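Engineer: Hey, can you work out the whole structure from these sequences and the hints?
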Amino acid sequence: MDEKFKQLISEALEIELNTIQGDIVLDPEGNWDSVAILSTISEIDNQYGIQLDGNELASCRKISEIDALINKSLI
Amino acid sequence: MTVVLVKEICAHRSVYLSVIKREKECLSLLYKFVYVFFSKFRSRRLFNERYTLSRYSLIKFSKRLVICKKFNYCLSHAGKYTAILLSSEKQQISVDLEPINRHLSGSLKLKIRKLYPDLLIQELIIILILESMVKLSVFKNQIDLSKGLDNLCLVKIIRLKSDIFEVSIKSIKVYSKIYICEDLYICVTMDSTTSDVFL
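Going line by line, the protein sequences match chains E and H. As numbered in the working numbering, residues 1 to 75 make up the first sequence, in order. As numbered in the working numbering, residues 76 to 274 make up the second sequence, in order.
Source of the hints: derived by calculation from the structure; they are not laboratory data. Model, not experiment: these values are computed from the prediction. There could be a bad hint or two in this list.
Stated by the list, open to error - To give an idea of the chain E side of the interface with chain H (calculated C-beta under 10 Å), a few residues: (1) Leu13; (2) Glu14; (3) Asn18; (4) Ala36; (5) Ile37; (6) Asp45; (7) Asn46; (8) Asp53.
Beta carbons: idealized from backbone N, C-alpha and C, even for Gly.
Structural biologist: The following block contains the structure:
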């Protein structure tokens, strides 16, 4: 995970930048609801210029999986 | 589990809004599990505490309002809170719930502002209206929030009163009202031919 991705996650999910790690759990009943997903879609679009599908993002259960989705879309 | 709000909200039909606060329960959760198990809400999801408590509240709420057999309902969850919207008739209803201090990312706020530059309300309230609206089947297949906000240019939102909004796509119109309860915004949206649908 690079700094750009960590900053994106920090802004989208309101997590302290220095605490971001790939194994942070995304909980659909907590920090990973529809508003968090919309925030993440917007930040990814803004930072990387790619539009990820919300349903694909919703299936992520760890922060590292969002990173993997972005990297897959950038290839 | 605490009931923090019960309110009749519709001027023409029986539509009720309730908000519950879920708390840690052990013995009473088992009782509620059994109660919901023998209802129409029996499901694998019963092993999820939020599912059990919200459906238990929904059944109790419907019985209290003497809406025992057929009812329309919509649920929304935020943290420990669940909003329950209940109607005895076939009216399309939906609800969305968010904490007043809910964080939105900078770029999400910017996108919403670009979409609705003249709508002078918080971006969070616009999100609530949109999230509530997409739950209505009249808009099924018309917009998809999972694709982000770029396809929302078709959605028009007009402020009618301080807390009431007309929301439309082409000729389909619905009405939304924002309520505030326990540091939460609650948006109720109803399919109606007139704007005076709310009490």
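Engineer: Report holds or violated for the interface hint on Leu13 (chain E), using the least CB-CB distance to chain H and a cut-off of 10 Å.
Structural biologist: 8 Å, holds
Engineer: Next item in the hint list is Asn46 (chain E). Is there a CB on chain H closer than 10 Å to its CB?
Structural biologist: 4 Å, holds
Engineer: Holds or violated: Asp53 (chain E) as interface residue toward chain H, Cβ cutoff 10 Å?
Structural biologist: Check passed: Cβ of Asp53 (chain E) comes within 6 Å of chain H, closer than 10 Å.
Engineer: Could you check if Asp45 (chain E) really has its C-beta closer than 10 Å to a C-beta on chain H?
Structural biologist: Because about 7 Å separates Asp45 (chain E) from the closest Cβ in chain H, which is inside the 10 Å limit, the hint holds.
Engineer: Identify whether the interface hint at Ala36 (chain E) stands, where standing means a beta carbon of chain H within less than 10 Å of its own.
Structural biologist: Hint on Ala36 (chain E): holds, closest Cβ of chain H at ~9 Å, below 10 Å.
Engineer: If you take the shortest Cβ to Cβ gap from Ile37 (chain E) to chain H, is it below 10 Å?
Structural biologist: 8 Å, holds
Engineer: When the nearest CB of chain H is found for Glu14 (chain E), is that gap smaller than 10 Å?
Structural biologist: With Cβ-Cβ at 4 Å, under 10 Å, it holds.
Engineer: Given Asn18 (chain E) as an interface hint, is its Cβ closer than 10 Å to any Cβ of chain H?
Structural biologist: 18 Å, violated
Violated hint: 3 only; the structure is consistent with all others.
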